[in-house]
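Number of protein chains: 2
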Amino acid sequence: MRIAVDVMGGDFGCDVVLGGIKLALQHNNRIQALYLVGQRDCIERALEQSGFQDPRLQIVHASEVLTMEDRPVAAVRRKKDCSIARAVDLVKTGKADAMISPGNTGGIVAASTLKLGTLPGVERPGIATVIPAPENEFVLLDSGANIECKPIHLAQYALMGHVYSREILGHKKPRVGILSVGTEAIKGNELTLEAFKLCEKLPIHFIGNVEGHDLFRNRVDVVICDGFVGNIVLKTCESLAKGMLTWLKEELMKNLKRQLGALLARNAFRAIVRRMDPDGYGGAPLLGLNGNVMKAHGSARERAIMNAIRITSETIQHHINRLITEEIAAAAERLDPDKSGVAASAFA
Amino acid sequence: MRIAVDVMGGDFGCDVVLGGIKLALQHNNRIQALYLVGQRDCIERALEQSGFQDPRLQIVHASEVLTMEDRPVAAVRRKKDCSIARAVDLVKTGKADAMISPGNTGGIVAASTLKLGTLPGVERPGIATVIPAPENEFVLLDSGANIECKPIHLAQYALMGHVYSREILGHKKPRVGILSVGTEAIKGNELTLEAFKLCEKLPIHFIGNVEGHDLFRNRVDVVICDGFVGNIVLKTCESLAKGMLTWLKEELMKNLKRQLGALLARNAFRAIVRRMDPDGYGGAPLLGLNGNVMKAHGSARERAIMNAIRITSETIQHHINRLITEEIAAAAERLDPDKSGVAASAFA
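Heads up: the protein sequence lines correspond to chains A and W, in order. In case it helps, the working numbering puts the first sequence at residues 74 to 421. In case it helps, the working numbering puts the second sequence at residues 74 to 421.
Please note: incorrect hints may appear among the correct ones.
No copy is singled out in the list; a pair is fine if it fits within one copy or between any two copies.
Calculated pairs, BS3-like style, for lysine-lysine (alpha carbon to alpha carbon, straight line, at most 25 Å) [stated by the list, open to error]:
#1 Lys-165 <-> Lys-270
#2 Lys-152 <-> Lys-168
#3 Lys-327 <-> Lys-315
#4 Lys-260 <-> Lys-223
#5 Lys-223 <-> Lys-188
#6 Lys-165 <-> Lys-188
#7 Lys-260 <-> Lys-188
The hints are simulated quantities; they were obtained by calculation from the structure and are not laboratory data.
All chains, please: the whole structure from these sequences, using the hints.
As structure tokens, then:
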């Protein structure tokens, strides 16, 4: 397989992304070509300094970079030669099987939606982020691609999340729930109440509404919400988990007795830090696009980039997009308001 | 002051709520009367069994109870003699200065909004929950009263949260932010983008958008959002914090070395558990109502009920409702679309 990586968009610069690619190529023989997309000077300098060489590497020059301040759609139109757009182009022309970027999320969504379009029948792409919980891990979808959602978008996310959880996380019958303010079917806002009715019709294990309390109690495998809620939930969880670990560390350093205790129990802390580590997945796919696109964390370090490449390669191997297309086609009739319920002709 | 407590709605029954009231009365001489609202038999039996007596206690019989399964508005209309409604009645008739209930949140919102109405100029009440963070604590408003919000509701929450943070939490110049998907002013959904423009006009320290990452980093004192998002964020944080502590405990118990370490460092864990404890506040006020109404956690234990009573008594002492009314009146012109910008008459 051939993978394109936007090496410009990460918070820590080109070197760190190249470091992650180096690790990934060492571990993955399936990768036949890896396109380094970005400013040629910058990439060549970084390669030279690190001494990193691999016959599979190919530089694809892109003169511009989208920043976090850019308005996504406008910037993608204006900065035609930005690294995100060029990486998407490689997928569009069939030169790459997938692209990965740690850059501006809105920019990735805009460029890939404009250039690749969605899979047949899919209305909007959604970002599927895997979040670790004490006893399991769950997919949060959408975690930030689609800020203003319609009920059909949520229902399609439910189907796509079902496929992703089954294929990549190995759940045979993933529990899919809509994130709401209570578990009862009557609880929710206009969007989730309508989406609930659609999800009931799908050939998935739909468990109804879930609330915030259910997320870290191994009650749900795929959590469906709009991109506004999902992005807030994702970042809040990252912030709280990090805050609690920092806080614990400070408390443990306060005196010698606690420090000794921390030393003896250090493997307990390590186990938690390792498991909570957002770098373990490193990347979240934009499901529903007509092409494989993976969003890596802006603050992704080498290990996160390596893991994003690993997940991307698994996504390609499992033909996620073909499976999604099939499931969406099979469900189309159930979700089409014109074809469900009593036929209009009955009243003719 | 005189406080009415719905003793029926808690998950752990009447006894636990009475236990909390007992603790509160021991510590608070300002309370002149405490109305126990609920089924008389049940209350008398619990009082007798515990031997709890206090001349300030008065039983107010209410024959019905709202359950978590009841649809709030319909149930409040149907179960006219439920404990929530009777407790609100005591506030409405001036017999009590405030009411507290650990019952069905929707029921409390419905009963108190229908019976008391909102303060002059306030469109919707919002629940203001205090959430502890490593270096500070912040108010999350609305955390579940108003699921479908308009921009003006969020702007009014910003003002009310500002007053609450200043008066009850002692922040002289609370930092007020709108919870969104990015800190830039262009990030958000239709609701938050419009609310942003309104908040800029208010005489508060409005810091713009905040995102999930900012919540636990001491960057904001009052977090504004609609009740759908707020309820999900609140419950997600509770779930994650609890999950992480349980997880840590399990890891620490895995072998003798870790157990010894945990023993030595136990004060570090205790400091965190104590600080993260949701019982520390115990109750969250419904701000904006024409009367003091406090929502206690459904799973409130004695200490939580005691603290809910303490916070209620502080809210009464600080005349929060009078201050909110004044601030809302002062801001009315700034927030009125007909009176801002170029006057319509200029074009006459």
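Hint by hint, here is what the structure shows:
no., hint, in the structure
1, Lys-165 <-> Lys-270, "neither (36 Å within a copy, 40 Å between copies)"
2, Lys-152 <-> Lys-168, "within (22 Å within a copy, 67 Å between copies)"
3, Lys-327 <-> Lys-315, "both (19 Å within a copy, 23 Å between copies)"
4, Lys-260 <-> Lys-223, "both (17 Å within a copy, 19 Å between copies)"
5, Lys-223 <-> Lys-188, "within (22 Å within a copy, 35 Å between copies)"
6, Lys-165 <-> Lys-188, "within (7 Å within a copy, 61 Å between copies)"
7, Lys-260 <-> Lys-188, "between (38 Å within a copy, 23 Å between copies)"
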